[in-house]
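**Student:** Going down the list, the protein sequences come from chains G and L.
Take the numbering used here: the last position of the first sequence gets the number 639, and nothing is skipped along the way.
Take the numbering used here: the last position of the second sequence gets the number 639, and nothing is skipped along the way.
Calculated from the structure, these hints are not laboratory results.
Note that CB positions come from ideal geometry on N, CA and C, so glycine has one too.
Watch out, some of these pointers could steer you wrong.
Distance windows between CB atoms, simulated [claimed, not checked]: (1) L:Lys29 with G:Glu18: 43 to 53 angstroms; (2) G:Thr168 with L:Lys235: 50 to 60 angstroms; (3) G:His600 with L:Leu141: 44 to 54 angstroms; (4) L:Thr212 with G:Asp210: 28 to 38 angstroms; (5) G:Val535 with L:Lys235: 47 to 57 angstroms; (6) G:His600 with L:Glu131: 51 to 61 angstroms; (7) G:Leu141 with L:Arg142: 47 to 57 angstroms; (8) L:Met3 with G:Glu291: 50 to 60 angstroms; (9) L:Arg163 with G:Asp165: 35 to 45 angstroms; (10) G:Thr168 with L:Arg163: 26 to 36 angstroms.
Keeping only pairs whose Cα atoms sit at most 25 angstroms apart, straight-line, the calculated SDA-like set for lysine to any residue is [as the list claims (entries may be wrong)]: (11) G:Lys268 with L:Asn186; (12) G:Lys189 with L:Asn186; (13) L:Lys268 with G:Ala58; (14) G:Lys5 with G:Ala58.
There are 2 protein chains.
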Amino acid sequence: MSMYKVKFLPDGKEVEVEDGATIMEAAEKGEVYINSLCGGKGVCGKCRVQIADGKLRADKNSISFLSKDEIKDGYVLACQAKVNIDMEVIVPPESRLEAEQILMEQPVVDYSQPEKVAVARVPSDPMTLFEPLVQKVYMELREPSQEDNISDIERIIRELRKRTDYQTFETSLGCLRGLASNLRDNDWKVTATIAKHGDPWRILQIEPGDTTERNYGLAIDVGTTTVVAQLVHLKSGSVTGITGSHNLQAHYGEDVISRMVYACGREKGLNPLHESVIKNINNLIKTLTDEKELNVEDITAIVAAGNTTMSHLLLSLIPCSIRLDPYVPTANIFPQIRARDLGIDINPVGILETIADVASYVGGDIVAGILACGIADRPETRVLIDVGTNGEIAIGNNEWMVCCSASAGPAFEGGGIKNGMRATRGAIERIMITNGDITYETIGKSKPRGICGSGLIDCIYEFARNGIIDHDGKFNLSTKNERIIEKDDVVQFILAYSRETENGEDLTISESDIDNLIRSKGAVFAAIKSLMDYVGLKFADIDTFFVAGGFGSYLDIPKAIGIGLLPDIDPKKIRFIGNSSLMGARLALLSGHAFERTIHIANSTTNIEMSTYQPFMDEYVAAMFLPHTDRKLFPSVDY
Amino acid sequence: MSMYKVKFLPDGKEVEVEDGATIMEAAEKGEVYINSLCGGKGVCGKCRVQIADGKLRADKNSISFLSKDEIKDGYVLACQAKVNIDMEVIVPPESRLEAEQILMEQPVVDYSQPEKVAVARVPSDPMTLFEPLVQKVYMELREPSQEDNISDIERIIRELRKRTDYQTFETSLGCLRGLASNLRDNDWKVTATIAKHGDPWRILQIEPGDTTERNYGLAIDVGTTTVVAQLVHLKSGSVTGITGSHNLQAHYGEDVISRMVYACGREKGLNPLHESVIKNINNLIKTLTDEKELNVEDITAIVAAGNTTMSHLLLSLIPCSIRLDPYVPTANIFPQIRARDLGIDINPVGILETIADVASYVGGDIVAGILACGIADRPETRVLIDVGTNGEIAIGNNEWMVCCSASAGPAFEGGGIKNGMRATRGAIERIMITNGDITYETIGKSKPRGICGSGLIDCIYEFARNGIIDHDGKFNLSTKNERIIEKDDVVQFILAYSRETENGEDLTISESDIDNLIRSKGAVFAAIKSLMDYVGLKFADIDTFFVAGGFGSYLDIPKAIGIGLLPDIDPKKIRFIGNSSLMGARLALLSGHAFERTIHIANSTTNIEMSTYQPFMDEYVAAMFLPHTDRKLFPSVDY
């Protein structure tokens, strides 16, 4: 079979692929990350690339969604166009997944003082219950004598009972093999590695000498879009590193639904999705261990949090029934496993815990978030919302918890919005319109490439406040605003002119984009309102309102209230907390008690299925207005 | 390197080995089993074989221990003689390990009615607590609905809670993977395999349909000499098969001490010993599954009992400190493991439990025996003695237990006795001397090849009763018995003349043989007496006295009392129970409660170290007489 060379520009990465492979497959091989909302079905048009030498004979599928000009310029859809010649492929900025910008999704924090960060950002103060899931205990044992000739492992367990608060220890074949020599060759000075395994602690390994400093864990947020790993020193509890990357599963679909469709639509479709996330994690581990000059053997524990689909794909469990009525996952609570059993490259005895899910659409990421926000531990009523493709909402206190998921759509992550994008370099994240003048800020201070969630919120708010749109989201054409144009039969507003933007085209927002955003914010608000009504509370009863999610490094809370996304409560009660899933995973890693709380949270939180809940439907219709049909709900909004 | 062919007669097995390999190594390769008391050191002389064509140029080491006639006839020691030519080797009867006769060590029982056997032979009646360690539960589940959309595994656990007495279940990656399809493709009718794992039960696998009949376990007695496996149907508790073989570790030494010396005396010496017993077990599994037409996947559990050294070698734990003062094993209580992790060929998720040990010289075989005899469960005081190379003794009731091990030496297993042998085909197992006439019975009714434990007891008793020997074990030459001869400066008694025996030589017992036996019986009796004194009891306080061990299928209890091996109590209180280790392993396999009792027994039995216990020394000296120095202890003995 013929092989062809494909060179990707501007990176310059070159790969060889077989005749007939798609450009997307070639990109995957070369680790060039190309957008793919639809998972390679050729229906979203997000993966367009330009063939540099123009010689490719493109078929019909590979040029759908493209304009005549684009076709003339050699653009094709990477997921459809087949490689049948040596070629150079230009990946335009808007088609790139930019891995290096990933951490910008998080509030900018000073990781040089990790303890302070940890304590400051965790409302429920983890340090009072510091008890890492894997601990190393150094011991200098008394040699056996005729008066004291218990077995070697019993001698170790006796010492562990003295040096820890724990009474019950399980052994393993691994810790027993070689133990006799290990003790006698090392003067009875050894370090035991123990892992919490339900009530008992399991002895994973016995090492010569004192290795207690060499004990690290990873908290991993397995997000649909990004995978982020924090390296934590388990002896001190310090965060010593953090890194992230785009979820490589994006090659098989942008959102959880399209990935499930991929996994379930073909023989062994689950494998590439599972292998992608394992590769993600191993890449992050390599980055962190290289950076900190650690051995992978120094990492003994992982706590991973993700939504229910991500948890299933991580563990290679069939996710297919999650998306089908009545929405049943294989499991909500997962066993502790050896990370090596998944091919994750840490210490061979190292454990992996997956944070429990509540239901098919309220996953371990939300459970971790509930933990991090202290919702289950305080008498005051707190709310957590996490806005992504689904808007997940949890409300509760130490006596009860309810949650739900509303299909908000991916608008706040830039999906379904023509110039929408995630909060990476070049995204407009703030907008202000004063007397018709537009000012904006982009991430990384670069030329605008698109607009991310916080920018979209600002945009709608500023449009409404300045009368550019009406309360129903339609452009008010009577204002004769020169930025409102009609092109290809679409009425749109030019946020940035072609001279300002990275790709040299006007950056616009259309009426249909605005409509998408109103539907998204309406779904989120309706879900919050329905849940509050369900438990018989008013917004004023809320003590703290935590907002998590990928809006960007910035969220203007009054504006989010102003468009009717968040309820009209005292903005001081609203806290934007970034990646609460990662926070919760770290807490669980650092505290067996906190880890047990996650199982308690998953078991005791009531999930309300909104898709069949009539009060939600009514609230949703009422919320499709700016800020809301019922103005009494938003007394502070002044437009 | 040159290769030579070695053919073994009378089997006809042929192998090729490298120049310089020993005949023993060639035999091992060909699975021809040759005796080896000393583990190949060339010091026991038990492995002599005859070179058929006589062309081998034997060196000095290979002919030590041999008479001139033997050397002339081409005899060599298999462990010393090196193969340097193609050859045929005759393995004489006395040098053969006869695997096919192994089960004769057990009382002959009718395995065609296994339930009856099981109940009849188990004093503590296991059936009242029937609760196999691994169980299969068939279930027909209700399909999920919007009102009942718990996760798949929770649906299974809910059903398990209904159908069993258990509340707590652990999951495993194995049971979750593929589960969603498994349920939906099979109309929600599946069988869950669950294993007791501490308090919780672990779900090992979920199979389509009803597989509850296909659930077998193995009880294995890993003896120093023999490995015996019983196949048990876990649904019914029936014993459906039994087989055994010589422990292949015999190639590396006959007793536990020489095997420890082998394992600890060289780099990786542990490996061949570990691999031998795994090979043993896999061979037994193959025999049983072939015979019963089962798949290895149908076997889901193993409970293995062995002495402390055997347990360590089974699990590949370093046994070296067991034999060195202060006699410390790596572990006495072992973790549940997957049998496949040891290379044992059963269901990949199948478990292996190793019965806990009390101390370095009172192992899981004795713990299993204590369980089988119900010692820990009854208010009456019971005694178990197991006579092998060590005589292990346990005394106790449901309130206390003590035990000890006495170095009895291998005399009752035929070791250290010139014509001693194990209870296999051709062994004299009964002897009667009436008016100078000798009658005897051999195992398998064949020509005598040697004399086994029960035969030796009979022999000493009959000698003493007939005045052939005095109370100190010396031949009474004044009787002028024509069978007492002096040959090679050794006074000996001809039990069977050359015309009667298999190898055509006189079968004799010498004064030194008798001396060995008296020392052995003295050590056992002294240990029993010392333990009884330690707990302040008299022999009359014993309710039941169980005798286990490899005496043969027969033990004449009055004669065992008559030589002072067993205490002089009502013979009806003494029960010969054969392989109590295997019985206990089966009980533990069939009852989680019984399995937990073994850990309780191991933890709560007090071990008295006889080698440093002065009262034992005194008792030992007093017991070196027939029947005993203190005749008052044996009022019923009439010689």
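**Student:** All the hints need checking, so say for each whether the structure fits it.
**Tutor:** Hint check:
Taking the beta carbon of each, L:Lys29 and G:Glu18 are about 48 angstroms apart, inside 43 to 53 angstroms as hinted. Separation of G:Thr168 from L:Lys235 is about 32 angstroms and departs from the stated range, judged on CB atoms against 50 to 60 angstroms. In this structure the hint that G:His600 and L:Leu141 lie 44 to 54 angstroms apart at CB is violated, the actual value being about 26 angstroms. At about 52 angstroms, the beta-carbon gap between L:Thr212 and G:Asp210 misses the expected band of 28 to 38 angstroms.
Checked against the hint of 47 to 57 angstroms, the C-beta distance between G:Val535 and L:Lys235 comes to roughly 49 angstroms, which is consistent with it. Remark: the range hint 51 to 61 angstroms for G:His600 to L:Glu131 is contradicted by a beta-carbon distance near 30 angstroms. Judged by the Cβ atoms, the range 47 to 57 angstroms given for G:Leu141 and L:Arg142 holds: they are separated by roughly 55 angstroms. Checked against the hint of 50 to 60 angstroms, the C-beta distance between L:Met3 and G:Glu291 comes to roughly 56 angstroms, which is consistent with it.
Under the hint 35 to 45 angstroms, the C-beta atoms of L:Arg163 and G:Asp165, about 37 angstroms apart, fit the expected range. Checking the proposed 26 to 36 angstroms range against G:Thr168 and L:Arg163 shows it holds: the Cβ atoms sit about 29 angstroms from each other. Distance restraint check for G:Lys268 and L:Asn186: the Cα-Cα separation of roughly 19 angstroms lies within the 25 angstroms cut-off, and the hinted pair is therefore satisfied. With a CA separation close to 55 angstroms, the supplied pair G:Lys189 and L:Asn186 exceeds the 25 angstroms bound.
With a C-alpha separation of about 63 angstroms, the suggested pairing of L:Lys268 with G:Ala58 is violated against the 25 angstroms cut-off. Taking the CA atoms of G:Lys5 and G:Ala58, the gap is near 17 angstroms; set against the 25 angstroms cutoff, the hint holds.
The structure is inconsistent with the numbered hints 2, 3, 4, 6, 12, 13, although it conforms to all the rest.
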